[in-house]
Amino acid sequence: MKKSDITILVADDDPDYLFQTVFNLEKAGYKTVAVESQAEAESVIARFKPNLAIFDLMMESDDSGFILCYKIKRKYPDVPVILATAVSHETGLSFSLDSDQEKSWIRADRYLEKGIRPEQLDQEVMKLLKL
Amino acid sequence: MAVLKVLVIDDEPGIRSGVSRILNNFHVTYPFMDEDYTFEVTEAATGEDGIEILERELPDILLLDNKLPGIQGVEVLEYIRKRNYDIVVAMITSYASLDVAIRATRDGAIDFIPKPFTPQELKSSIENITKQQYLKRITHKMQQEGKKIRYQFLSVLSHELKAPLNALEGYLRMMQGKQAGDLIDDYATPIERSLQRIQGMRNLIMDLLDFTKIRLERKEEKIQEVNLAELASGAIVTVQPYAIQMDVSINLDVRSDAVIMADPGDMEIVFNNLISNAVKYNKVGGKAEITIDSSESEAILIISDTGIGITKNDTENLFAEFVRIKNEKTRNISGSGLGLSIVKKVVELYHGTIKVDSTPDVGTVFTIRLPKKPLTIT
Chain A
10 MKKSDITILV ADDDPDYLFQ TVFNLEKAGY KTVAVESQAE AESVIARFKP
60 NLAIFDLMME SDDSGFILCY KIKRKYPDVP VILATAVSHE TGLSFSLDSD
110 QEKSWIRADR YLEKGIRPEQ LDQEVMKLLK L
Chain B
14 MAVLKVLVID DEPGIRSGVS RILNNFHVTY PFMDEDYTFE VTEAATGEDG
64 IEILERELPD ILLLDNKLPG IQGVEVLEYI RKRNYDIVVA MITSYASLDV
114 AIRATRDGAI DFIPKPFTPQ ELKSSIENIT KQQYLKRITH KMQQEGKKIR
164 YQFLSVLSHE LKAPLNALEG YLRMMQGKQA GDLIDDYATP IERSLQRIQG
214 MRNLIMDLLD FTKIRLERKE EKIQEVNLAE LASGAIVTVQ PYAIQMDVSI
264 NLDVRSDAVI MADPGDMEIV FNNLISNAVK YNKVGGKAEI TIDSSESEAI
314 LIISDTGIGI TKNDTENLFA EFVRIKNEKT RNISGSGLGL SIVKKVVELY
364 HGTIKVDSTP DVGTVFTIRL PKKPLTIT
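As you go down the protein sequences, you meet chains A and B in turn. To convert, take the position in the first sequence, counting from 1, and add 9; that gives this note's numbering. To convert, take the position in the second sequence, counting from 1, and add 13; that gives this note's numbering.
Hint data in this document are derived by calculation from the structure and do not stem from the laboratory. For every residue, glycine included, the Cβ atom is placed at its ideal position computed from N, Cα and C. A hint or two may mislead.
[To be verified] Across the chosen pairs, the derived CB separations fall in these ranges:
1. B:K80 with A:E51: 44 to 52 Å
2. B:G190 with A:P24: 14 to 22 Å
3. B:I204 with A:K12: 41 to 49 Å
4. B:K136 with A:D87: 27 to 35 Å
5. A:S13 with B:T343: 46 to 54 Å
6. A:K139 with B:T225: 35 to 43 Å
So that you can see chain A by itself, here it is in the shape it has in the complex (with noise of 0.2 Å):
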């Protein structure tokens, strides 16, 4: 498959992240619908299949990006999603998806940092995709 050919939906409610992540993963060749919460995935996702999602973790509740991962996972098996957060350690509130126990409810295939670099991202989504 050509990256052109490829649709992401990134979901994010800090408007600069979004602008950023898309304006990268377009100049890196792919498509992308671009929304600001969680409804507004939601409702794309319950018409629309993408190739890859990347969610936000905190939006309109601090576990929005959980809720994403599981529902586009139950329509959709077979989609690859990344789930990207400012929240980090030391916050208390950090995750992997190293442990079998993480893997068992968090339903995202990579976990990403915020503020990574566009080309990392592309080549994160190249590995998810099998390009």
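Use these hints to put chain B onto chain A, whose structure you have.
What follows is chain B alone, placed relative to chain A:
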């Protein structure tokens, strides 16, 4: 498919078989749940039999009738509590008399299912219990792994400060790599957004300074007679340029002179926050009204606006730190989420009260009452 064991203790055979029949075909799903939960029901006709069964194998959920032939339901409950058994108990009872309910709740019953119940009533109770049970297990596991979720002030703060830094860094990298073009004009949006994020961060830092001020700098010698009407007009002057920009008119109505003993800096914080909120969350052409009144013992401040309002649900957490109401209407309004928590802290420092009344799309009214008597500041 995970199975939860349910024990039903009831002397009426009809109830027991009803529970079995309803729950045997029932399953509960919940986001994050690995798999659906189903139920396996065991029955006991007396409290004594029930205890014998649960001693053999602890159930996850106990549905317990209170009125039993031998020992009573509350006694079974007490038996379980004394041994610290991890069982969720719901009382099924037709006489939910107050004292039984109080005693049962104190001894760890978490739900009451009225008798007679419809299948739907039983199912929704069981669904709630299952979710609670599931969340309890997840939290427990996370605690064991030292990953307790704590929403502490500093931790959330680091998140709030990092978000704008990430945004700025992203924009600068975009420019560094000349990713949107070679001309400075190609970067008008990133530059504008960067400046806005810097302003947001500056506001957050200012709010934090207020926050530490009210926490640390409590100095008795700053307490003096403060005329609240004077402070209010000062705050209005500060907010006015912003109000003009938003086309919001601010009106001050002094019904009686309210003079209290306070640190003027503290009262400025209260007025600045509430009046700027009344403008910020208003509509174009809207109004903000500040009323100052006093009774014999109290000064009363009312700050009302004709703005977007707050839903009843959202008012519950409104005064907590870093709480910002996120919806379509507040999307483009920036704020630190600290302002109202600071206001509340100040008001409480002076043994006062703050109350909010709001109707979405109509407006919001904040009412503050502060005792006039010089009190020790705590």
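So, going through the hints one by one against the coordinates:
1. Restraint check, K80 of chain B to E51 of chain A: a C-beta distance of roughly 46 Å satisfies the suggested window 44 to 52 Å.
2. Take G190 of chain B and P24 of chain A: their Cβ atoms lie about 21 Å apart, and the range 14 to 22 Å holds.
3. Our hint of 41 to 49 Å for I204 of chain B and K12 of chain A is violated, since their Cβ atoms are close to 29 Å apart.
4. The hint said 27 to 35 Å for the Cβ distance between K136 of chain B and D87 of chain A, and at roughly 33 Å that hint holds.
5. With their beta carbons about 37 Å apart, S13 of chain A and T343 of chain B fall outside the hinted range of 46 to 54 Å.
6. In this structure the supplied range 35 to 43 Å is violated for K139 of chain A paired with T225 of chain B, their Cβ-Cβ distance being about 52 Å.
Hint check: violations occur at hints 3, 5 and 6; the rest are consistent with the structure.
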